[in-house]
Structure formats: C-alpha cells, structure tokens
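Trainee: Residues per chain, in single letters:
Number of protein chains: 2
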Amino acid sequence: MEVLQAIKTRRSIRKYKKDPVPQEELEKVLDAGRWAPSASNLQPWKFIVLSDFKVKEKVAKSLAWGKFLDEAPLGIAVAADPRVSSHPVEDGSIAAYSILLAAHAVGLGGCWLNPSASEEEVKEILGIPKEERLISVMSIGYPAEAPSSTRKELKDITFTNRYGSK
Amino acid sequence: MEVLQAIKTRRSIRKYKKDPVPQEELEKVLDAGRWAPSASNLQPWKFIVLSDFKVKEKVAKSLAWGKFLDEAPLGIAVAADPRVSSHPVEDGSIAAYSILLAAHAVGLGGCWLNPSASEEEVKEILGIPKEERLISVMSIGYPAEAPSSTRKELKDITFTNRYGSK
Numbered sequence: 793m794e795v796l797q798a799i800k801t802r803r804s805i806r807k808y809k810k811d812p813v814p815q816e817e818l819e820k821v822l823d824a825g826r827w828a829p830s831a832s833n834l835q836p837w838k839f840i841v842l843s844d845f846k847v848k849e850k851v852a853k854s855l856a857w858g859k860f861l862d863e864a865p866l867g868i869a870v871a872a873d874p875r876v877s878s879h880p881v882e883d884g885s886i887a888a889y890s891i892l893l894a895a896h897a898v899g900l901g902g903c904w905l906n907p908s909a910s911e912e913e914v915k916e917i918l919g920i921p922k923e924e925r926l927i928s929v930m931s932i933g934y935p936a937e938a939p940s941s942t943r944k945e946l947k948d949i950t951f952t953n954r955y956g957s958k
Numbered sequence: 793m794e795v796l797q798a799i800k801t802r803r804s805i806r807k808y809k810k811d812p813v814p815q816e817e818l819e820k821v822l823d824a825g826r827w828a829p830s831a832s833n834l835q836p837w838k839f840i841v842l843s844d845f846k847v848k849e850k851v852a853k854s855l856a857w858g859k860f861l862d863e864a865p866l867g868i869a870v871a872a873d874p875r876v877s878s879h880p881v882e883d884g885s886i887a888a889y890s891i892l893l894a895a896h897a898v899g900l901g902g903c904w905l906n907p908s909a910s911e912e913e914v915k916e917i918l919g920i921p922k923e924e925r926l927i928s929v930m931s932i933g934y935p936a937e938a939p940s941s942t943r944k945e946l947k948d949i950t951f952t953n954r955y956g957s958k
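One line per chain: the protein sequences are H and C, in this order.
Going by my numbering, the first sequence wraps up at 958, each residue one higher than the last.
Going by my numbering, the second sequence wraps up at 958, each residue one higher than the last.
Don't read these hints as lab results, they were simulated from the structure.
Only a predicted model underlies this, so the values are computations on that prediction, with no experimental measurement involved.
Don't take every hint at face value.
It does not matter which identical chain is used: a pair holds within one copy or between any two.
27 Å max Cα-Cα, derived DSS-like pairs, lysine-lysine [as the list claims (entries may be wrong)]:
1) Lys853 - Lys915
2) Lys958 - Lys922
3) Lys958 - Lys820
4) Lys958 - Lys915
5) Lys944 - Lys820
6) Lys810 - Lys922
7) Lys820 - Lys947
8) Lys820 - Lys800
9) Lys810 - Lys853
10) Lys846 - Lys958
11) Lys850 - Lys958
Here chain H stands alone, though its shape is the one from the complex (with noise of 0.2 Å):
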C-alpha cells in the first residue's frame, strides 16, 4: 500500500475477525516498529507480543478504554526505557505508530489503547522493570469494521513562520 493513502486510510479498529495473525504478518509488523526513528538511533524500545488469552484478557482488564483488547488474536505492547534515551516517550510513540502503520499496510487493523491510568498495573501484568515506562498497547488483527474518520482542516492548523500567522 502507498504510503500518503496508508496514512490517510488508517483507522482505529476495534472488532476483530477470529482469523489468528500469520507469524509472517506479526514479523512484517513488528519490523517496520524496530526501523522507527529515534533520538540519537538509541532505540530504547521493547515490543511484548500478546498472544495468550489470559494475558490479554488481565491487560484488557485493567485497561480503561481498551475492554476489547481479549477479542483481538493479538496485542503488542511497547516499553520504552528512560535510561537509555532522555525521550522515551516521543520514541516509544513513534514505533507504536509505525507498527499500526504497517499493520494497515499488510491488511490488519489495530488499536493503540491508552495504558496511562493504569501503567503501573499492567506493567506488573507484563513483567516490565519498573524503571521502564509502558508507552502503548495495541489490539492487532484482522478488522471486522470500517469506520469512518475526520480531521480539522490544513488552514485551520498550519501556520508560516510564525504561530497564529497564514
């Protein structure tokens, strides 16, 4: 898939098929995350795959906003360590995104569900040192929905040269 039209065709998916991800799919998957950028290359990120039911169903549990993370055949989690680059959280987002992008890009639909209330608690579920910061977990699998999306308008967020001038 081109890219211009991935980015723009991408969306949220959160009803899943029951058709299991092929290894080969995940690996397309979790490669485009490990080529993400980074500051300085540091690539501070690891990526948990979710692929045990129980495991899922405790994370989706303690998740506010991602109940249906059991349905899906697959979650990815990414953790992203402080003490290896001073910007885990710009790292860590940016190959959460990559992965949903190629995700798209192969045919499978996913879901970054936000663990931000409840980091500490998943991280216990997932075995994540506590020094390390749990930046996303994401739903992957075959999409059993389209939805539709919208965006607030280029001229009403773009500015040249300076804030608040067109």
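Assemble chain C onto chain H, guided by the hints.
Mentor: Frame of chain H; chain C shown alone:
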C-alpha cells in the same frame, strides 16, 4: 512508495539540495501530519512552516543539534496543546513522524531536531503560546546525501506474553 519499504528506507537527512519544495509537495506532507492518529482524535497539534531564512537561522542557532536547519529550504515545527489533550507528546510525535514518512515518500528528506534543551527559547522565536509544548522541529528538503543506518535485531527487542520471555 510502498509503506513497509518507506519505513525501512527513511533516513535522517541533514544535507539538502538548494531546490525549493513545491507547494503541492509541502501540502501532501502536512496532510500526512493532519491524518495522524491522536488520543480521542483530539488533534492537539499546530504545524508551523518555516520558510523565512531569518526565522530558520534564529531557530537553528537555538537548537543544540540542528545547526543545519538554516541550510534546508524548509522547516516544520509541531506544537501540541496540553489543554486540548492529556497526551501532547505522544500525539505530536506521531504527527511529526507522519510528516517525515510522507516527505520520504514524495522524494524529500527530513530530520527531527530535538528542541527540548531550548524549547522555551524556540517557542518564543516562533510565537508559540507558553501553555503549549513544542514537540519537534524538522528540517525538510531534497536530500543531498544518502546515509545508511542500522537497527537492533528483532529477536533482541521482542518478547512474547511477558517481558524477558522469548
């Protein structure tokens, strides 16, 4: 350009040709930022296109690792408003990466210049309100270099169901 290929072949470009960036290409790139996902689709971002040499020069002087910004035909700054979204760093970072990927897809190159060490100074130059965050300043132009890059192996950064377990 195909998504997975674009993600893997995008590089941080620090040397640029003198050729100007056509308005049409700039709009494609900004549009990619506009279509990035954000928490609850709140789109807390503003994009400031830096085309005035004096503005680019001032910002370049303020950035610890972005001295080459004034040699790029364009800059794009991404601001994000914590009053609009509780996740301005995640959202702004994703929009910036969307812009960098789209730039690569249309044959341009860019480099994320981290403003954090001089965030307040650059915000003042660009007139960004004190309440907002400056997430990224990017240099944009046609590449005059083709740098290589490396990443950690997937097996060394990926776990299954639990941090540390293969």
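Trainee: Against this structure, judge whether each hint is valid.
Mentor: Evaluation of the provided hints:
1. Lys853 - Lys915: within (13 Å within a copy, 40 Å between copies)
2. Lys958 - Lys922: Answer is between: at 20 Å across copies they meet the 27 Å cutoff, but 46 Å inside does not.
3. Lys958 - Lys820: between (41 Å within a copy, 18 Å between copies)
4. Lys958 - Lys915: Between. Shortest inter-copy distance 17 Å satisfies the 27 Å Cα cut-off; intra-copy 44 Å does not.
5. Lys944 - Lys820: between (31 Å within a copy, 15 Å between copies)
6. Lys810 - Lys922: neither (34 Å within a copy, 48 Å between copies)
7. Lys820 - Lys947: The answer is between: 13 Å across copies meets 27 Å, while 35 Å in one copy does not.
8. Lys820 - Lys800: For Lys820 and Lys800, both the intra-copy (20 Å) and inter-copy (11 Å) Cα distances are at most 27 Å.
9. Lys810 - Lys853: So Lys810 and Lys853 pass the 27 Å test inside one copy only (20 Å; across, 54 Å).
10. Lys846 - Lys958: Result: close only across copies, 17 Å inter versus 52 Å intra.
11. Lys850 - Lys958: between (49 Å within a copy, 20 Å between copies)
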